[in-house]
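Novice: If you want the building blocks of each chain, they are given just below.
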Amino acid sequence: MRFSSFLQPLARWSGRAGLALAGLALLPGCKFYDIWRMDGHQSTLVVDGPVARSQRDLFYVTCWVTLVIFILVGAVLAYATWKFKARNAADEHAEPPEQGHGNPLVEMGLIAGSVLALVIIAYPTLTSLWYTYDVPTEEKKDAYEITATGYQWWFKFEYPHEQINGAGALTASNELVIPAGRAVRVNLRTVDVIHSFWIPKLAGKVDMIPNRANFLWLKADQPGYFWGQCAEYCGDSHAVMRFRVVALGPKEFNEWLDSQLQGARSVAVKTAAAGQAKAQFAALRTFKTNEAGVTDKFEVAPLEAWRAKQFPEKNEDGALIAQGKALFTSKTCMACHTIRGHGAVGVTAPDLTHLGSRTTIAAGLLENNREQLQRWIHNPAAVKPGNKMAKGYIDNKISLTPEDEAALVAYLESLK
Amino acid sequence: MDALAKSDFHSKEESAPAKPFVLWRPTAKSGLIDWLTTVDHKKIGFLYGFFALIFFLVGGFEALLIRTQLMFPNSDVLTAQQYNRMFTMHGTTMIFLAVMPLGAAFFNIIMPLQIGARDVAFPRLNAFSLWTFCAGAIIVNIGWFLPSDRWGAPDAGWFGYSPLTSKGFNPAHATDFWIMGLQLLGVASIAAALNFIVTIINMRAPGMTMMRLPVFVWMTLITSFLIILSFPAITIALVELMMDRQFGTNFFEVSGGGMPILWQHLFWVFGHPEVYILILPAMGIVSEILPCFSRKPLYGYPIVVFSGASIGFLGFAVWSHHMFTTGLGAVATAAFALATMCIAVPTGVKIFNWIGTLWGGHLQMRTPMMFALGFIWMFMIGGFSGIMHSAAPADAQQQDSYFVVAHFHYVLIGGSIFALLAGIHYWFPLIFGKKVSEFWGKLSFWVIFIGFNTTFFPQHFLGLNGMPRRTFTYDPNMGWNTANFISTIGSYVLGVGMLIYFVVIVYTYLKGKRIGHDVWDGRTLEWSIPNPPPEYNFRVIPTVHARDAWWYEKHHKEEIAQEQAEHAKAEAAHGGIHMPFSSIYPFVASFGILIASIGITAFDSNPAPGIHWKLGLSLTGGIVMFIGIYLWSLEGNEGYHLHLDDESHAPETKPSAKPH
Chain P
1 MRFSSFLQPL
11 ARWSGRAGLA
21 LAGLALLPGC
31 KFYDIWRMDG
41 HQSTLVVDGP
51 VARSQRDLFY
61 VTCWVTLVIF
71 ILVGAVLAYA
81 TWKFKARNAA
91 DEHAEPPEQG
101 HGNPLVEMGL
111 IAGSVLALVI
121 IAYPTLTSLW
131 YTYDVPTEEK
141 KDAYEITATG
151 YQWWFKFEYP
161 HEQINGAGAL
171 TASNELVIPA
181 GRAVRVNLRT
191 VDVIHSFWIP
201 KLAGKVDMIP
211 NRANFLWLKA
221 DQPGYFWGQC
231 AEYCGDSHAV
241 MRFRVVALGP
251 KEFNEWLDSQ
261 LQGARSVAVK
271 TAAAGQAKAQ
281 FAALRTFKTN
291 EAGVTDKFEV
301 APLEAWRAKQ
311 FPEKNEDGAL
321 IAQGKALFTS
331 KTCMACHTIR
341 GHGAVGVTAP
351 DLTHLGSRTT
361 IAAGLLENNR
371 EQLQRWIHNP
381 AAVKPGNKMA
391 KGYIDNKISL
401 TPEDEAALVA
411 YLESLK
Chain X
1 MDALAKSDFH
11 SKEESAPAKP
21 FVLWRPTAKS
31 GLIDWLTTVD
41 HKKIGFLYGF
51 FALIFFLVGG
61 FEALLIRTQL
71 MFPNSDVLTA
81 QQYNRMFTMH
91 GTTMIFLAVM
101 PLGAAFFNII
111 MPLQIGARDV
121 AFPRLNAFSL
131 WTFCAGAIIV
141 NIGWFLPSDR
151 WGAPDAGWFG
161 YSPLTSKGFN
171 PAHATDFWIM
181 GLQLLGVASI
191 AAALNFIVTI
201 INMRAPGMTM
211 MRLPVFVWMT
221 LITSFLIILS
231 FPAITIALVE
241 LMMDRQFGTN
251 FFEVSGGGMP
261 ILWQHLFWVF
271 GHPEVYILIL
281 PAMGIVSEIL
291 PCFSRKPLYG
301 YPIVVFSGAS
311 IGFLGFAVWS
321 HHMFTTGLGA
331 VATAAFALAT
341 MCIAVPTGVK
351 IFNWIGTLWG
361 GHLQMRTPMM
371 FALGFIWMFM
381 IGGFSGIMHS
391 AAPADAQQQD
401 SYFVVAHFHY
411 VLIGGSIFAL
421 LAGIHYWFPL
431 IFGKKVSEFW
441 GKLSFWVIFI
451 GFNTTFFPQH
461 FLGLNGMPRR
471 TFTYDPNMGW
481 NTANFISTIG
491 SYVLGVGMLI
501 YFVVIVYTYL
511 KGKRIGHDVW
521 DGRTLEWSIP
531 NPPPEYNFRV
541 IPTVHARDAW
551 WYEKHHKEEI
561 AQEQAEHAKA
571 EAAHGGIHMP
581 FSSIYPFVAS
591 FGILIASIGI
601 TAFDSNPAPG
611 IHWKLGLSLT
621 GGIVMFIGIY
631 LWSLEGNEGY
641 HLHLDDESHA
651 PETKPSAKPH
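Residue numbers (the working numbering), protein chains in the order written: chain P, 1 to 416; chain X, 1 to 660.
Worth flagging that the hints you see were computed from the coordinates, not collected in a lab.
Warning: the hint list may mix true and false statements.
What the hints assert, rightly or not - So these bits of chain P aren't anywhere near chain X, every CB distance computed over 12 Å:
no., residue
1, 73
2, 95
3, 97
4, 165
5, 221
6, 238
7, 256
8, 257
9, 306
10, 397
11, 403
Stated by the list, open to error - Using 30 Å as the maximum straight-line C-alpha spacing, the simulated DSBU-like pairs for lysine-lysine come out as follows:
no., chain 1, residue 1, chain 2, residue 2
12, P, 314, P, 391
13, P, 85, X, 513
14, P, 309, P, 397
15, X, 167, P, 391
16, P, 397, X, 434
17, X, 434, P, 85
18, X, 167, X, 614
19, X, 554, P, 85
20, P, 140, P, 314
21, P, 251, P, 156
22, P, 156, X, 167
23, X, 554, P, 83
24, X, 614, P, 85
25, X, 513, P, 388
For every residue, glycine included, the Cβ atom is placed at its ideal position computed from N, Cα and C.
Working from the sequences, and respecting the hints, build out all of it.
Specialist: Put into structure tokens, the structure is as follows:
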């Protein structure tokens, strides 16, 4: 008996010491304070548009109301626990306290208080709900329309008002360019399973559901570069179904539209600089499974980096590009992909007409550069488990030599 | 009328010679045969608890693998598919195979004792529920042991959103195992729930009016109603999905005009009440523990009961808050948002009343009390993040993010599991006659408490920082690294805590010292009987005079002793204590169901290859089930009588001589 009375405080204190130790151990090693930094690329608290702002402000209302209740109720609970705790053997064996059964007035008062607290939350919930649901009437006339379609595991973006003669609406993939400062209404569609369209800094998510004409609206305050991700479990590679959003000022947006309406860029063979060293076909380095495909290139000034992507690279190898273009057809890539103006008209896979001008490939997963592009076409299954391109390689017995890969990469990178 | 009454009161000797061999009733009181044929609610409850804890460890192991994968960005401990299997099976296992059956274990063992009954209303149906639960558990998990290309473990999420579950997107039979397993678990749950409802309504001891029921019994009743009202919705959904997959119908097949959104409605009409099926028993347990260790009655009993019923009722009106992002339209979303907020009121009322129970009491800080207090704190946090979700526009950012993961783990671990762990410590002395060491119990509490909070509190921040759920990898530049690392460390601490908890429990079970009667100075009837409880529970069916019946008895000893002597005489004149015979047929019927279900999961919509063995297996199973149920009905609901001497000894050699 005496032994256990010695051990009980020990149990209590070992718990507290454990907590303190855990805190200390974590502090120096991994920047414990990091978790308080709520400014990640997909932060829902540091936002850049009115829809996300309305949702965040509502969150703060719920947060403050519940925090106040938590402090009040928690204080009473903590006090009751401390005050009425049996402290010694005499307490333990004391006569039982008064066997009271409660007080209806106290109950009713607390119920009324809870209802009041909920009204404080309910009112802004309803106003925010109607505001975030659809484009406000006064902005409807100026709103820009886009259709986003989910595929396993990438996004297609169509611009229904930008028709191309004989080729339907302008189509982009995995990188959505929108006008900044203007309401954008996004129609949400899917061709297979349920996906969810989420750009945390601009707007909360809405699902893309088969047989359902969903939509959302959003607006970017300023030109900027944003991260988006599929938010509904959609199969093997759900985790790597991502996308990026670029918001541009009116003039730049129109320039971008004009460039996109053009067909794919062609590089003449003769532009190959005379005497240029023959392309090196170094074997692709091995990538670890799930190795990150991003650098910090888009961390500091992502919009500038995106703008730089819009211009052709220097020292393009025209011969190599021509070789890649031929491979794109002979390796049957064109059966699934579209490259407008180059004869490839497949529609089951992302449109690659202006692939070279995008900042990422493989649905926002890998940075668009030579190494990552080659990593992707070398073994798509390793990057995105279960994807259809990997299956296409097997079904159509496609194999690529390092030379083929280099040529295809050169070609695809030239598609500005 | 006479004949009916008679069949109930046959004695062993009388019935034996008249029966053909197949209707022989097993009489073993220990050993394998006893465990397979028992109809004793305490043994069935023990088995429920035993299986539930095994699956709890399995589900916990899956969780640790998930956390290990997410410890660092871009890690490859698991492949994408393995990870998807882990979270699918973690959810399915914890909900259907751990928390629900652990609740059922308490319903089975404690509820009849609290209402002064000698068994549940349908003892053999009770055994059938248990074995069908086992069949379901086997089928859900069988895929782990089969080749993963055509079979494998389920990987479409515990919610199985159509059309990801359709044959086109998920051709392996993994999903069929999930469908059939859940279907069987539903059968088991509905049978058990009906049993509990009939028991509570019909088998209360004299004087045990509804408003004198212990709160745990009330929560059992409400939970059971939720089960029989909500499970049909998922049963229908699963049948439709099975028809789509096995027989080519088009309920959810988009290409055939099906409506995937229908699945979500059917699933959540079940799924939201299911959440309360998991939490209400926990609230019941806490409502028993707090008064016991505060040494005063529950504060505001009628309001606690009524709020439990309101939660159950409102639980059917809020399913679409799981679907705020599916484009319901502003009006429907608003209606479900407001209905969801309403639930906060009865839930809050419960917390107020628990605090009211503590107020002015003499709090004895034993291990069950620690877990119960931990429950209130953690459940408050989970409840508050729940209120945040009810604000639908804010939920558009939180839905399917780690914020939701944090929320429901606070409710389900900090809530349900904490209360169940409290309940295990609380009733362990009653069930096994041994008491777990306070030191080790409290140590396990603190390790679990710290581990749990370290795991799940940072996940709120992950969610608000935009990390989506069900993702097997993330990039290092998203600001999620630290919180994920801390969370994983926390999960290991939580794992260690659980390990300590269960090692101590098992150690006490095997080596613990015997303790005396009514170790906590309890208030409800289960503490009035010896521990471990005898087969017949109550020597004399008690008469209830007050809400905390045993507390009243302890303070009115003479009155009660006189009353019991009279009752004992009356019962002896009536033929002694009547006990039901054991039966093997519930097990046979469930075994048949298991075989048939395995056959059905193997069907394809194109049945050509192997149709004979698949059909044969299904039919064989069906026949076995039919034989089981037929003989079960034929063997009759007979029992035998026990006559106790003054020291409550029931000599096995002295069976009842008098038929009636």
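Novice: If a hint holds in the structure, say so; if it does not, say that too.
Specialist: Do the hints match the structure? See the list:
Chain X draws residue 73 (chain P) into its interface by the beta-carbon criterion, the shortest separation being 7 Å against a cut-off of 12 Å. Distance to chain X contradicts residue 95 (chain P) as a non-interface residue, since its nearest Cβ pair spans about 9 Å, not more than 12 Å. A cut-off of 12 Å between C-beta atoms contradicts the statement that residue 97 (chain P) is not in contact with chain X; the least separation is 5 Å. For residue 165 (chain P), the condition that its CB be more than 12 Å from all CB atoms of chain X holds, with the nearest at approximately 32 Å.
Against chain X, the non-interface label of residue 221 (chain P) holds: every CB pair exceeds 12 Å, the least being about 17 Å. For residue 238 (chain P), the shortest C-beta to C-beta distance to chain X comes to about 6 Å, within the 12 Å cut-off, and the non-interface label is violated. No Cβ of chain X comes within 12 Å of the Cβ of residue 256 (chain P); the nearest lies about 25 Å off, and the non-interface call holds. Residue-level check passed: residue 257 (chain P) sits 28 Å from the nearest beta carbon of chain X, beyond 12 Å.
Every beta carbon of chain X lies more than 12 Å from that of residue 306 (chain P), the smallest distance being close to 16 Å; the non-interface claim holds. Against the 12 Å criterion, residue 397 (chain P) stays outside the reach of chain X, whose nearest CB is about 20 Å from its own CB. Taking the minimum C-beta to C-beta distance to chain X, about 30 Å, the non-interface status of residue 403 (chain P) holds against the 12 Å cut. The suggested pairing of residue 314 (chain P) with residue 391 (chain P) is violated, with an alpha-carbon distance near 35 Å, which exceeds 30 Å.
For the given pair, residue 85 (chain P) sits about 28 Å from residue 513 (chain X) by alpha-carbon distance, which is consistent with the 30 Å threshold. For a cut-off of 30 Å, the pair hint linking residue 309 (chain P) to residue 397 (chain P) is broken: about 33 Å separates their Cα positions. Taking the CA atoms of residue 167 (chain X) and residue 391 (chain P), the gap is near 18 Å; set against the 30 Å cutoff, the hint holds. The hinted pair formed by residue 397 (chain P) and residue 434 (chain X) fails the criterion: a straight-line CA distance of about 68 Å is larger than 30 Å.
With a CA separation close to 25 Å, the supplied pair residue 434 (chain X) and residue 85 (chain P) stays within the 30 Å bound. For the given pair, residue 167 (chain X) sits about 18 Å from residue 614 (chain X) by alpha-carbon distance, which is consistent with the 30 Å threshold. Taking the CA atoms of residue 554 (chain X) and residue 85 (chain P), the gap is about 24 Å. The hint holds against a cut of 30 Å. The hinted pair formed by residue 140 (chain P) and residue 314 (chain P) fails the criterion: a straight-line CA distance of about 43 Å is larger than 30 Å.
Under the criterion of a C-alpha separation no larger than 30 Å, the hint pairing residue 251 (chain P) with residue 156 (chain P) is consistent with the structure, at around 24 Å. Proximity of residue 156 (chain P) to residue 167 (chain X) is assessed by CA-CA distance (about 25 Å); at most 30 Å being required, the pair is judged to hold. Only pairs whose Cα atoms come within 30 Å are accepted, and residue 554 (chain X) paired with residue 83 (chain P) is accepted, the gap being roughly 28 Å. A distance of roughly 63 Å separates the Cα atoms of residue 614 (chain X) and residue 85 (chain P); the hinted pair therefore is violated under the 30 Å criterion.
Of the pairs offered as hints, the one joining residue 513 (chain X) and residue 388 (chain P) is violated, with about 63 Å between alpha carbons and a cut-off of 30 Å exceeded.
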